[in-house]
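Sequential numbering from 1 applies to the sequence shown in our numbering.
Only true hints are included.
Dumping the calculated DSS-like pairs for lysine-lysine here, alpha-carbon to alpha-carbon at most 25 angstroms:
id, residue 1, residue 2
1, Lys-11, Lys-38
2, Lys-38, Lys-84
3, Lys-84, Lys-23
4, Lys-68, Lys-84
5, Lys-23, Lys-11
6, Lys-84, Lys-11
7, Lys-38, Lys-23
8, Lys-68, Lys-38
The set of hints was computed from the structure by calculation and includes no laboratory data.
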Amino acid sequence: MLSTNCITIPKGVFITDNENGDKVIFNYNNGQYYGLDKMGAYFWNLLCEHKNIDMIIDIVINRFEVDKHMVTNDLLTLINNLEKEGLVQLS
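Full structure from sequences and hints, please.
So, in structure tokens, the structure goes:
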């Protein structure tokens, strides 16, 4: 399982919420906008708050009573995509 003590948002990345509970992310470094739906926004908030992948998976499973394998895959896919686009840094 991927665990980290530090998930950071690089300089030049700005986040805002819209009226639907989604998040809009702007990466000033490449000029791109990104959108996260409500579940993606929920994951994002947990990433910013807890910074530990295993803890986030446990929180989501307990709150939504969903399959651990599905949550793990969804969260790791999101993190990998965010990292690839320069929206988070893992260390």
